[in-house]
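Number of protein chains: 2
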Amino acid sequence: MSRGEPAALFERAVGGDRGALARLLSFVEGGGEPSRAVARLSYRSEPPYVVGITGAPGAGKSTLTDQLVTVVRSGWPAVAASDPIPGADAEPVEQIAVLAIDPTSPFTGGAILGDRARMQRHATDPTVFIRSMATRGHLGGLALAVPDALRVLGAVGIPVVVVETVGVGQVEVEVAGASDTTVVVVTPGWGDSLQAAKAGLLEVADVFVINKADRPGATEAGRDLRQMLSLGAPTEWNPPILETVSTTGEGVGALWAAVAGHRAYLRASRLLESRRAVRVEKELRKVLAARIEARLDVVAGSAEYKEAVEAVREGRADPYEVAEALLESS
Amino acid sequence: MSRGEPAALFERAVGGDRGALARLLSFVEGGGEPSRAVARLSYRSEPPYVVGITGAPGAGKSTLTDQLVTVVRSGWPAVAASDPIPGADAEPVEQIAVLAIDPTSPFTGGAILGDRARMQRHATDPTVFIRSMATRGHLGGLALAVPDALRVLGAVGIPVVVVETVGVGQVEVEVAGASDTTVVVVTPGWGDSLQAAKAGLLEVADVFVINKADRPGATEAGRDLRQMLSLGAPTEWNPPILETVSTTGEGVGALWAAVAGHRAYLRASRLLESRRAVRVEKELRKVLAARIEARLDVVAGSAEYKEAVEAVREGRADPYEVAEALLESS
Chain A
1 MSRGEPAALF ERAVGGDRGA LARLLSFVEG GGEPSRAVAR LSYRSEPPYV VGITGAPGAG
61 KSTLTDQLVT VVRSGWPAVA ASDPIPGADA EPVEQIAVLA IDPTSPFTGG AILGDRARMQ
121 RHATDPTVFI RSMATRGHLG GLALAVPDAL RVLGAVGIPV VVVETVGVGQ VEVEVAGASD
181 TTVVVVTPGW GDSLQAAKAG LLEVADVFVI NKADRPGATE AGRDLRQMLS LGAPTEWNPP
241 ILETVSTTGE GVGALWAAVA GHRAYLRASR LLESRRAVRV EKELRKVLAA RIEARLDVVA
301 GSAEYKEAVE AVREGRADPY EVAEALLESS
Chain B
1 MSRGEPAALF ERAVGGDRGA LARLLSFVEG GGEPSRAVAR LSYRSEPPYV VGITGAPGAG
61 KSTLTDQLVT VVRSGWPAVA ASDPIPGADA EPVEQIAVLA IDPTSPFTGG AILGDRARMQ
121 RHATDPTVFI RSMATRGHLG GLALAVPDAL RVLGAVGIPV VVVETVGVGQ VEVEVAGASD
181 TTVVVVTPGW GDSLQAAKAG LLEVADVFVI NKADRPGATE AGRDLRQMLS LGAPTEWNPP
241 ILETVSTTGE GVGALWAAVA GHRAYLRASR LLESRRAVRV EKELRKVLAA RIEARLDVVA
301 GSAEYKEAVE AVREGRADPY EVAEALLESS
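As they're listed, the protein sequences go chains A and B. When the letters of the first sequence are read in order and numbered with the numbering used here, they come out as residues 1 to 330. When the letters of the second sequence are read in order and numbered with the numbering used here, they come out as residues 1 to 330.
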């Protein structure tokens, strides 16, 4: 692969070549030198506006995302707080991308990939770019690959990206941290709102959606969420709790309006800028930590390491002296 | 401070000198070379049996620990599964230590220190050693200081240690990971069992205690816990859910019997050994990570780092190239 390739692909992607864009994202996923070359090109531009959709498997996130894409293409609705001229026309959204994060875990992967197929209804629409991302290869995993991919999408001129993740585990919460507006999807039924709480999603949610709201228990789920939110520290932004039925599209327009409302709040309060600055700092920390942890993994994979664990277990050594020896010999 | 001092103190502590033991633990807290010298001496012995008591502030953990100490001194009760001869006499516990972990956060510190004062009723009992630990100084914080302190207590001949922590935050869950049996304390009332779930305590609990069980809502709290536990993956050990009133001591004998039952299970299944081996491996990882992260902190504190964040924010550079430069120049 010639060193110039990412630059040539980048130029074609800016010109609208979706195959070239897909290859750039493969470089990002693959890690290593090609992903760095892509980063060099894309970090020169502003990031897109990122809407995160997260929640437990089976909450209907893929179908909801599918419906949302159609609504987003109608543009940002006029929101008083963000509009220079109240009542002005909605702000157009000429292109949109969906980044679907596929957990590699075998017991959920299948179902999620199945859902993904439904999104193919947008596959022939040149203004909608859809891409699944897996975690393999990239040093630091999705926590680094996702911000990099978002930068690429922004740099080629896509103003809005929807990132769909499964809200289980710390990594997913971190990925959600790459969003400007995070939408947490739950379903009616005891336990789901609790699972959201356990996964730390109450804290990251800017908008709540009770999907499958045509099923029994939607009112109770809303009450549970409000009760759990009231246990937390009071915040300036109170996450709205909306009801949707993703199979019919019911409530999806209101969801998009709520996202627009949150964006208007972030802009008016200048939180959009300051949060993005914090995100850059965190990403740099992650890059540094990944470089340093790579060294730790090399140490932990060695025969000397296994022998060191054994020595501590058997009372022949303490962890400090063996750590010293391991770092010196590595 | 002469290099021989920890060794001399260690000898006196083995002989029963509690002042010497207290000084050894101060070395552990303080970190640096003296703490390493103490580690060199104490990692040669078997660790004590560690009972962790955790839960939200205000759950009555200190009073419960206080009551438990009295019961523990009566010895391990005979548990059929662990006894070579069923019906044999209880196994004596000649000495016990309490390690109370003080979060340094100012808004909880005061209350917890106040509770601690109650434990002074054991202060004149030479078979009970009580010590508070704070996080300052030790590289890697409590996550490293607590295992080190436990080793010291075991090495000077104390067979059972109760570690009392506040169950909020990842560090506390990690500290709970140093226990052989983890007791999670909740109180009656909506929200407390949820907080336990959010803090990840459902997963680490070997025994649940609903303390203040004389208040309304104890039955409901038990039901909530059982319901939440049923949502998790099935496990070989089903954590018993007990009720106590720590102010009167009601139920504390049953709590100690439940801990003994869990210990018998760990021994019979040989999980005690295998878990301790995993713990040694994790501790070594933490020591290594702490050494490596110390380097990261130096990097992140530099003027070059601030300039690097600025450069990425303004689109003049990407995180990978600045990370490279930072690690090279550090």
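If you are wondering where the hints come from, they were derived from the structure by calculation, not from laboratory data. Keep in mind that a hint or two might mislead.
Claimed, not checked - Restraint-style ranges between C-beta atoms, simulated for each label pair: (1) B:Thr235 to A:Ser302: 26 to 36 Å; (2) A:Asp297 to B:Pro92: 42 to 52 Å; (3) A:Lys282 to B:Glu94: 49 to 59 Å.
Unchecked claim - Residues of chain B clear of chain A, computed beta-carbon distances all greater than 12 Å: (4) Ser42; (5) Thr124; (6) Ala155; (7) Asn238; (8) Ala300; (9) Glu310.
Backbone N, C-alpha and C define an ideal beta-carbon position, used for all residues, glycine too.
The hints, checked one at a time:
no. : hint                             : verdict
1   : B:Thr235 to A:Ser302: 26 to 36 Å : holds, 33 Å
2   : A:Asp297 to B:Pro92: 42 to 52 Å  : holds, 46 Å
3   : A:Lys282 to B:Glu94: 49 to 59 Å  : holds, 51 Å
4   : Ser42                            : violated, 8 Å
5   : Thr124                           : holds, 34 Å
6   : Ala155                           : violated, 10 Å
7   : Asn238                           : holds, 19 Å
8   : Ala300                           : violated, 7 Å
9   : Glu310                           : violated, 9 Å
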